[in-house]
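S.K.: In order, the protein sequences belong to chains A and B. Per numbering that gives the first Met the number 0, the very first residue in the first sequence carries number 0; after that it's consecutive. Per numbering that gives the first Met the number 0, the very first residue in the second sequence carries number 0; after that it's consecutive.
Keep in mind that the hints were calculated from the coordinates and are not lab data. Bear in mind that the values here come from a model prediction, so they are computed numbers and not experimental data. Worth double-checking, as some hints may not be accurate.
It does not matter which identical chain is meant; a pair holds if it fits inside one copy or across any two.
In silico SDA-like pairs for lysine to any residue, Cα to Cα no more than 25 Å straight-line [unchecked claim]:
hint, residue 1, residue 2
1, Lys391, Leu159
2, Lys250, Asn10
3, Lys52, Glu38
4, Lys391, Asn308
5, Lys52, Phe40
6, Lys155, Met0
Here's the letter readout for the chains.
2 protein chains.
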Amino acid sequence: MNYHFADRTRNFTSSAVRDILAVTQQGNVISFAGGLPSEEFFPVEQVRLAYEKVFASGTGALQYGVTEGFLPLRGLLQERMKTKGIHSDPEAIMMTTGSQQAIDLFSKIMLSPNDIVLTEDPTYLAALQVFKAYEGQVYSVQGDEYGMDPQDLEHKIQTLKPKFIYVVPTFSNPEGKVWSLERRTALVELAKKYNVLVFEDDPYGEIQFDEGETYPSLASLDQERTHVLYTSTFSKTVVPALRCGWITGPKEVIGMMAQAKQSSDLHSSSIDQQALYFLMRDFDLNSHIALLRREYYQRMIVMRDYLNNLEGFSFTEPKGGMFFWVKADKQLDMTGLLPEAVRHGVAYVPGAPFYVANPQENTFRLNFTHSTPDKLKLGMMRLSEVLGNVGK
Amino acid sequence: MNYHFADRTRNFTSSAVRDILAVTQQGNVISFAGGLPSEEFFPVEQVRLAYEKVFASGTGALQYGVTEGFLPLRGLLQERMKTKGIHSDPEAIMMTTGSQQAIDLFSKIMLSPNDIVLTEDPTYLAALQVFKAYEGQVYSVQGDEYGMDPQDLEHKIQTLKPKFIYVVPTFSNPEGKVWSLERRTALVELAKKYNVLVFEDDPYGEIQFDEGETYPSLASLDQERTHVLYTSTFSKTVVPALRCGWITGPKEVIGMMAQAKQSSDLHSSSIDQQALYFLMRDFDLNSHIALLRREYYQRMIVMRDYLNNLEGFSFTEPKGGMFFWVKADKQLDMTGLLPEAVRHGVAYVPGAPFYVANPQENTFRLNFTHSTPDKLKLGMMRLSEVLGNVGK
């Protein structure tokens, strides 16, 4: 039969991230495509012990839980965020199935068809997919390596009257850049001046190479906690399979999101949330993150050195996160070149799908966290074979 | 600030199920409200062993997974459904965060504002919440204890042109009734005649008291697998905290739902899915379900005997599932009586929110699976105190 789907499905673009995951599961291809953390550093034994504690805590641990998530875990998250200057309370924190679900639920309660979202350009492609799935209109704000241009932002807030502004200000995806304090402050001030909500997506903030630097989150600049929604996740720093993200922000907004979550899935896995609670309580997460920072920095350096030798391409060395964002100096179709790269046993993500408008085909994103240094070298040698001549 | 939410939030009714869960967490109230399984029978040790196997299987188990879910688990589900006459294949099966998410994702891909859904009346209230959250219009089909009336169904398909028909044909929620084979066949035939999709929600089908009876699922009657979506869950038969549901149906529909799931949460917890795989592989789930059937039958009998002594109320003895649906013979406001019941230390769900239109205030739902027989007796004595005189 012919299936007549809802209007919103016409905006489903899908497949970009799906194809990435499909490629990474082929054994002989070294994939720099996904945003995957390194499996060598998964604290498997500590995670195993945390689940042991869940099962030892009684049968009640396996019963239905509340939509907003396991309350003691939300208490620990409150404490952790406080050390980063984000003042919240457990009732204004909701657990989600990864931070992807936080983006989805927020969009679900905010966007009617044709409502406007302002973003950076390029930006996280799976966020663009969500906004389009709810039939939102996405417009990009001009910016540079320091963040959105406040003048263009103010102009677009005035003329487009957006429902919210979506940003990844710390080690952004895909560009890997960090907003300056001035740009952060300017964004929060404009949001307050015009009463626009800001959605701060921060999956990578913990993966910071220079321990001396501070990159205050937008949420920490919103002292009254009225305008900034902040989301993060343990997928990048602990293990992705847990799918434990969280969101905090104005209570009224979190409350409406909890209503949306109730009808979406009642609640996320509470076994996983309880395990995460024991892990955060008993495991030295900060030392673990310090290890990841050191190891990922080394991997970044390996990749950087190969990129430096690649003629005709430019990039900025990332100060944290998981990605290099690379531009060919001349017009190159990086989407068209991908099959050739895969034939050489290496994969990247073409940059085009990350753009809101006017995709720049001469860009691509490389992940440096997932592969071991040896595989990084081998993969970069393969990539250099493919790109060594075309970029000149 | 004033938050301007999306239009769809005007249809969020929420709170009914949330309030239920809130009541069940007060220690001294015996709650017959939630659809909770009994904690005494949770196979904690077997579940613990299953997670052990996940952590022993290597670090890859903790990495990101595919949106549709852990493939070997989908293989076992295919085999299990085959024993019930449902022929599927792993690519037409998707794992979800409980069957609630299957209802949500299906509605997301099917419903544009004002699209029509046909349901029974009363029906599962959290499904009604989903349809309204996507701004669908819900109309009920006339029916009786055997299921929907085929004449009224055909008339409403012709005149209302629904996007789909939502039913809980086996041990329905809230009525606890079972559709006859004739009504099942009639529904599937009408769905095929008019090319309308059927969404069969089957969380309770396994909890069947008379082992000799067979209640073929609608999916098993849709031999071509073109018109019926079938969803079920392990929340009722294993443990709710796992949040592992699944859906199967036409590949094109499942594929579109996978696109929706990708942007909703990327994938459900894959640690839990892998644990469920080991549990299904190594644990005698059928013996466990046989135990639940016997124990829940005993509990049902305890509650039935008290209900039989309650003058002025009528009910049908359930053949499975988790619920009694009780009607006062005269006009009684069961919503208004709930605070009085809670003061007496017992809770039920008023029937009104389960109705599509014209809520019958003289109805309520009682769960008999969650409380031990002793608590069932105590709770029913309390309820008899509250209702003993008002119903006469």
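S.K.: Against which earlier hints does the structure fall short, listed by number upward?
M.R.: 1
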